Amino acid sequence: MQALNSKAIEVTDLTVAYQETPVLWDIDLDVPPGVLLAIVGPNGAGKTTLIKAILGLVRPAAGNVLIYNKPYVTQRRIVGYVPQRGSVDWDFPTNVLDVVMMGRYGALGWIKRPKKRDRELALHALEKVGMENYTTRQISQLSGGQQQRIFLARALVQDATIYLMDEPFQGVDATTERAIVSLLQELRENGKTVVVVHHDLQTVTDYFDWVTLLNIRRIASGPVEDTFTTENLRETYGGRIAFIKNR
Amino acid sequence: MANFLFLTHIDYTLIVVALGAALLGTVSGALGTYAVLRRQSLLGDAISHAALPGIALAFILTGSKTPLILILGAAVAGWLGALVILSIVRLSRIKYDSALALILSTFFGFGLVLFSLIQRTGNANQAGLDTFIFGQAATILERDVLTIGILGGLAIIIMVILWKELKLLIFDEGFAASLGFPIRLLDILLTSLLVIAIVLGLQAVGAVLMSAMLVAPAVAARQWTNKLNLMVLFSAGFGAFAGVSGTIISSSTTGLPTGPMIILCATLFVGISIAFAPKRGIIFDGIRQLRNRRSLKLAVSRLLKNPQKESK
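These protein sequences, in sequence, are chains C and D. Counting from 1, one number per residue, gives the positions in the first sequence under our numbering. Counting from 1, one number per residue, gives the positions in the second sequence under our numbering.
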């Protein structure tokens, strides 16, 4: 489908500023296809902003983002997005299946309503995340981990090639975390590119094969074994890190 | 037959007013759902207050009291007010509530100044313009009912056609944007629909009270259902019912103003719903909690008496 040497995501000279303070400064980032990448960095490092900038949700002050060598606007259909769980009001009057079906809205286009096929796709995605018994459950009655799972299911029905996920492990229990990890690894095995904003440094080497260290600037990016070094981490987190790599 | 006899005794004007109030309640109830779910209840208040100078200006410019012209003026001013608020929030560091309060009182104040200017010119035609401040349902005529029906119907049709898009916008704006839906455009559209619902109600309910017609039915409806489509239907129903019952109550006793009665009816529904709704209502919630506590206590005491048996 795509040439092997082409880049799934290519970010060049990206700078984003809110008011006057830069949130991202002159970022260059190449994401090869088929990797499971963690974006790691301290609070306020611009991790969420980077994802949003790739998706065109925030307007950069400078720089450029390409998805398989084309601008995002033309590549929307192949990019799936999992926003932060806390970004929506979970008391909204709707149920699990309906939220997952929203992942089909882009493919459906304007005005058209979801059909039986979209429903089947949504049910299938719910099975994938182990939530098939919750289809009619009111979304306000879900635990944090369940909310995260249906957000993942919603991205799965997009049937994307590239997935961008903003803290999918935020506030989930150990079981859910394991389930999500194996789902992400399955996506990678199927040739998808998965970019995840991640917080837990201890699990980076276990879960991911590629890592980007970010703190306003891009500190380092590459395969985990070369990039996830004590030196790079110290540069990313300043002196505040008490993390010793045991290998 | 008995019904028919009963109807013939009712004043024709009352039927027109009640019909107008019912239509108005339907439209504002349906669209108010979106305002409440988007946490923009107060935006409605700002729009209705901001509409006032538009009415005055429309009268000054045209010298006419044709409802369509006044409504148009109100809509332009209300829409402008909403747009200014949203732009202030987006472009400056001023917070939403401050922007709201600022624009609401500035536009309303400007409207009051224009009204007193109009009064001072002694234009014989101006009488009755000030009903737009507190509303006067009794002034609703057949042509007004027609206007409400057509414009309100149009707003609801747009709402139904763009059901999926508006739902996604309200639930998850960021995700909607990532799918390529133009959220700013949808946002302006949604605000415009709110503006339509509000200006249609100004004559009957008035600028000061109109936002309650948006918020109250939706808040009541939310208590009874967990489905968006049912919430919109219930809200429209509550709005219509409040319109009719408010009109009838005010007509049965002399001196009771219709607009405020409609609002009081709608608020009564809110109170009843918050108290008695089966799932979200506080009374059933309290009973449920009490029952849970009791069964928990029972289980604990059983456990204490008979630990081995229970643990198996």
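These aren't lab readings, by the way, just hints derived from the structure by calculation. What you are looking at is a predicted structure, and each value in this text was computed from that prediction instead of being measured. Just so you know, not all the hints are guaranteed correct.
Simulated restraints on C-beta separations [said to hold, decoys possible]:
| id | chain 1 | residue 1 | chain 2 | residue 2 | range |
| --- | --- | --- | --- | --- | --- |
| 1 | C | D226 | D | K279 | 34 to 44 Å |
| 2 | C | G191 | D | G286 | 52 to 62 Å |
| 3 | C | P71 | D | I94 | 52 to 62 Å |
| 4 | C | T203 | D | L154 | 22 to 32 Å |
| 5 | C | P22 | D | L303 | 55 to 65 Å |
Residues from chain D that keep clear of chain C, each with C-beta distances beyond 10 Å, as calculated [what the hints assert, rightly or not]:
| id | residue |
| --- | --- |
| 6 | L19 |
| 7 | L114 |
| 8 | R120 |
| 9 | D130 |
| 10 | G149 |
| 11 | G174 |
| 12 | T225 |
| 13 | G281 |
| 14 | R288 |
Here a beta-carbon is modelled for each residue, glycine too, at the ideal position from N, C-alpha and C.
Status of the hints after comparison with the structure:
D226(C) and K279(D) have their C-beta atoms about 55 Å apart, which leaves the hinted 34 to 44 Å range violated. Taking 52 to 62 Å as the suggested C-beta distance range, the pair G191(C) and G286(D) conforms, at roughly 54 Å. Distance hint for P71(C) and I94(D): a CB-CB separation of about 34 Å, inconsistent with the stated range 52 to 62 Å. Hint check: T203(C) to L154(D), Cβ distance near 55 Å, so the stated range 22 to 32 Å is violated.
P22(C) and L303(D) have their C-beta atoms about 59 Å apart, which keeps the hinted 55 to 65 Å range intact. Listed as a non-interface residue, L19(D) keeps its Cβ farther than 10 Å from every Cβ of chain C; the least gap is roughly 30 Å. Remark: the non-interface label on L114(D) is consistent with the geometry, its nearest Cβ contact in chain C lying 37 Å away (cut-off 10 Å). Here R120(D) stays apart from chain C, with its beta-carbon at least about 46 Å from theirs, past the 10 Å limit.
Listed as outside the interface, D130(D) is consistent with that label: its C-beta sits roughly 39 Å from the nearest C-beta of chain C, beyond the 10 Å cut-off. Against the 10 Å criterion, G149(D) stays outside the reach of chain C, whose nearest CB is about 24 Å from its own CB. Consistency note on G174(D): stated as away from chain C, yet its beta-carbon is not over 10 Å from all of that chain's, at 5 Å minimum. Not every beta carbon of chain C lies more than 10 Å from that of T225(D), the smallest distance being close to 7 Å; the non-interface claim is violated.
Against the 10 Å criterion, G281(D) stays outside the reach of chain C, whose nearest CB is about 15 Å from its own CB. The Cβ of R288(D) sits about 14 Å from the closest Cβ of chain C, beyond the 10 Å cut-off, so the non-interface label holds.
Hint compliance for this structure: hints 1, 3, 4, 11, 12 are broken, all remaining hints hold.
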